[in-house]
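> In case you want the letters, here they are:
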Amino acid sequence: KQEVTQIPAALSVPEGENLVLNCSFTDSAIYNLQWFRQDPGKGLTSLLLIQSSQREQTSGRLNASLDKSSGRSTLYIAASQPGDSATYLCAADSGYSTLTFGKGTMLLVSP
Amino acid sequence: KAGVTQTPRYLIKTRGQQVTLSCSPISGHRSVSWYQQTPGQGLQFLFEYFSETQRNKGNFPGRFSGRQFSNSRSEMNVSTLELGDSALYLCASSLRELMTGANVLTFGAGSRLTVL
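Protein chains in written order, with my numbering: chain G, 58 to 168; chain R, 65 to 180.
Everything labelled a hint here was simulated from the structure, so no lab data went into it.
Mixed in with the good hints there might be a few duds.
Rough simulated footprint, nothing fancy, chain G against chain R, three-plus residues with beta-carbon under 8 angstroms [to be verified]: (1) 139–151; (2) 170–176.
Partial pick of chain R residues on the chain G-facing surface, computed with a CB cut under 8 angstroms [stated by the list, open to error]: (3) 95; (4) 120; (5) 156.
Heads up, simulated SDA-like pairs for lysine to any residue below, C-alpha to C-alpha not over 25 angstroms straight-line [stated by the list, open to error]: (6) G:160 to R:137; (7) G:160 to R:73; (8) G:58 to R:71; (9) G:99 to R:137; (10) G:58 to R:78; (11) R:77 to R:119; (12) R:77 to R:147; (13) G:99 to R:93; (14) G:99 to R:94; (15) G:58 to R:106; (16) G:99 to R:86; (17) R:121 to G:71; (18) G:99 to R:134; (19) G:160 to R:148.
C-beta: ideal position from N, C-alpha, C; glycine also.
Can you build the whole structure from these sequences, using the hints too?
See the structure below:
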């Protein structure tokens, strides 16, 4: 059974800092790894999807890496802004749109 | 293009009642999946439908059921509601990209169910 763990559970940083969010998964037989953002009371917004054959994906200030052999993924946020404050979730896709989510990292970026 | 639409957005029920939630996927998306989000358990997979067939099911009791119609719209039903069913229910539709083969899920805003 796939299990996904995210560290840290919460993170508070001043504006402008670069930060790394960590995600680990137990079963390396995944189709892809997705990172989502969730604002309070809202649905999920897809940030990056890394296919199992890829090592990393980049979108603007976001960069996500994937190491299937070690069961790890990281989300790097450069030059953080208050608007980045949200909960970040990683999810391992085991097929048939079956995502196993971590509990998330709650990020607060202070002005 | 329109996103994934879930209705109703909020609802309050009492224990023992049943509830039906609706999800309209993005046009052209044939896969619809459902997830339950609670503070304690986080996001958990309920089930996934493709072309009116349930392809996968999570570890939930039989009180949770779903179906998909020929137009890809999906409904999920929870019978004999319990207090622990209070949650945000999220629906996602997906389309496997032809070029990359990646299965990108797009989530709706969710239906927040409160059971009293």
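> State for each hint whether it applies.
Here is how each hint holds up against the structure:
| no. | hint | verdict |
| --- | --- | --- |
| 1 | 139–151 | violated (count 0) |
| 2 | 170–176 | holds (count 6) |
| 3 | 95 | 5 angstroms, holds |
| 4 | 120 | 4 angstroms, holds |
| 5 | 156 | 7 angstroms, holds |
| 6 | G:160 to R:137 | 28 angstroms, violated |
| 7 | G:160 to R:73 | 23 angstroms, holds |
| 8 | G:58 to R:71 | 32 angstroms, violated |
| 9 | G:99 to R:137 | 21 angstroms, holds |
| 10 | G:58 to R:78 | 34 angstroms, violated |
| 11 | R:77 to R:119 | 29 angstroms, violated |
| 12 | R:77 to R:147 | 10 angstroms, holds |
| 13 | G:99 to R:93 | 22 angstroms, holds |
| 14 | G:99 to R:94 | 24 angstroms, holds |
| 15 | G:58 to R:106 | 16 angstroms, holds |
| 16 | G:99 to R:86 | 17 angstroms, holds |
| 17 | R:121 to G:71 | 42 angstroms, violated |
| 18 | G:99 to R:134 | 28 angstroms, violated |
| 19 | G:160 to R:148 | 18 angstroms, holds |
Hint violations for this structure: numbers 1, 6, 8, 10, 11, 17 and 18, all remaining hints satisfied.
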